[in-house]
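A.B. asks: Using the hints, put the two standalone chains together into the complex.
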Amino acid sequence: KAGVTQTPRYLIKTRGQQVTLSCSPISGHRSVSWYQQTPGQGLQFLFEYFSETQRNKGNFPGRFSGRQFSNSRSEMNVSTLELGDSALYLCASTPPRETGYTGELFFGEGSRLTVL
Amino acid sequence: QKEVEQDPGPLSVPEGAIVSLNCTYSNSAFQYFMWYRQYSRKGPELLMYTYSSGNKEDGRFTAQVDKSSKYISLFIRDSQPSDSATYLCAMYAGTYKYIFGTGTRLKVLA
Chain S
1 KAGVTQTPRY LIKTRGQQVT LSCSPISGHR SVSWYQQTPG QGLQFLFEYF
51 SETQRNKGNF PGRFSGRQFS NSRSEMNVST LELGDSALYL CASTPPRETG
101 YTGELFFGEG SRLTVL
Chain R
1 QKEVEQDPGP LSVPEGAIVS LNCTYSNSAF QYFMWYRQYS RKGPELLMYT
51 YSSGNKEDGR FTAQVDKSSK YISLFIRDSQ PSDSATYLCA MYAGTYKYIF
101 GTGTRLKVLA
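Same order as they appear, the protein sequences are chains S and R. Residue 116, in my numbering, is where the first sequence stops; the numbers in between run on with no holes. Residue 110, in my numbering, is where the second sequence stops; the numbers in between run on with no holes.
Just chain R, same shape as in the assembly (with noise of 0.2 Å):
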């Protein structure tokens, strides 16, 4: 069984509609948790970090945490076509290493 679990997707979506993406995990001693964005033949970008359960909103994007249940979320409001990409969890293990979701990929269809 593999420490972070990301539906691989793919989702499609019509503009502006509400998008949520998850990752379960297994590891109760993961600290941070982050979402990355990653467009074709580009490297990840960080899109979102929370370290605490609960909710973390900036713009269109909301991070949700709830590590009793070990399951995060990300919420995009408002999508648009460019937001399809690829979308990874991620979270800390500690020691410099972070485990990844293996990617959900979105398209958003104008």
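Next up, chain S with everything else stripped away, as it sits in the complex (with noise of 0.2 Å):
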């Protein structure tokens, strides 16, 4: 069974651009869950889409968006680039509650993200 796919794996821009990031779960995984990696912060969640449904959202500028489509894949933005935007973007998805839900993400590579 593959695992979750990102894509691009690395990408660099400059400020005031934007970035596009693509993620496409494990199948039969309708959660998707994106999360930002720095090494001051850690992971930190962006926000989570169940069924094209946003059904939670981080504490980030609404410069981050996201979407997720009817195949279960998902897109996030980051408009208006800036330098501490920097990090790598991780997006992970879920099984099902009916398999067994056990609260494990499993995680893609990550997309990982320079901006000068």
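Read the hints as simulated data drawn from the structure, not as lab findings. All residues carry an ideal CB built from backbone N, CA and C; glycine is no exception. Keep in mind that a hint or two might mislead.
Listed next, the stretches of chain R that the computed footprint assigns to chain S, with coverage defined by at least 3 CB atoms under 8 Å from CB atoms of chain S [said to hold, decoys possible]: (1) 40–50; (2) 98–108.
In silico DSSO-like pairs for lysine-lysine, Cα to Cα no more than 30 Å straight-line [claimed, not checked]: (3) R/Lys56 <-> R/Lys42; (4) S/Lys13 <-> R/Lys42; (5) R/Lys67 <-> S/Lys57; (6) S/Lys57 <-> R/Lys2; (7) S/Lys13 <-> R/Lys97; (8) R/Lys56 <-> R/Lys2.
Residues of chain R placed beyond 12 Å of chain S at every Cβ, according to the derived structure [as the list claims (entries may be wrong)]: (9) Asp78; (10) Gln80; (11) Thr86; (12) Ala90.
C.D. replies: Shown next as structure tokens:
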């Protein structure tokens, strides 16, 4: 079974630009979460989607947005990039509760964004 | 103050040592407690998952939760160089949101 796939793996942008990151969850997983990982702050919750609906959002400015498609694939977008947005952006999917949900997040390898 | 505190390390131990990794948390509403392992340039992977106070063992790994003290631990017995990674504690905060510690970097020396 294929794992969570994130694209692109690495990207460099300049301040003021925008970026779109993509995530394909494990087949059968309908919940997708996004986390930002930085050395000082660790993993911070961005948002979670299920069946194309955002069910929760973290404490990030409105420049950070996301969406989920009917096939459970998800994208996140960051507009007007700032230097502080440089981070590893991790996507995670969660198996459905009826399969014996354990709270496990299955993470992709992340998209490493560098803002210059 | 962060909701979850974790010593960032780095922690260096000789091969075969017992490793103790810890996190403290402030929110008594946290229900599920997890430990993730993250190798360099990889995403985190779940190691251990516990719900209640007490110990849970899986091979060389033991997870311990003390809800009264708001303190969780991960013990690694007979540590191996392949255990060298960053270890993240995580807690389910409800509404599909998880709170992570900043991670402890562990290096096991051969």
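A.B. asks: If a hint holds in the structure, say so; if it does not, say that too.
C.D. replies: A quick look at each hint next to the structure:
no. : hint                : in the structure
1   : 40–50               : holds (count 7)
2   : 98–108              : holds (count 6)
3   : R/Lys56 <-> R/Lys42 : holds (26 Å)
4   : S/Lys13 <-> R/Lys42 : holds (22 Å)
5   : R/Lys67 <-> S/Lys57 : holds (27 Å)
6   : S/Lys57 <-> R/Lys2  : holds (18 Å)
7   : S/Lys13 <-> R/Lys97 : holds (29 Å)
8   : R/Lys56 <-> R/Lys2  : holds (26 Å)
9   : Asp78               : holds (25 Å)
10  : Gln80               : holds (23 Å)
11  : Thr86               : violated (10 Å)
12  : Ala90               : violated (8 Å)
Violated hints, in rising order: 11 and 12; the structure is consistent with all others.
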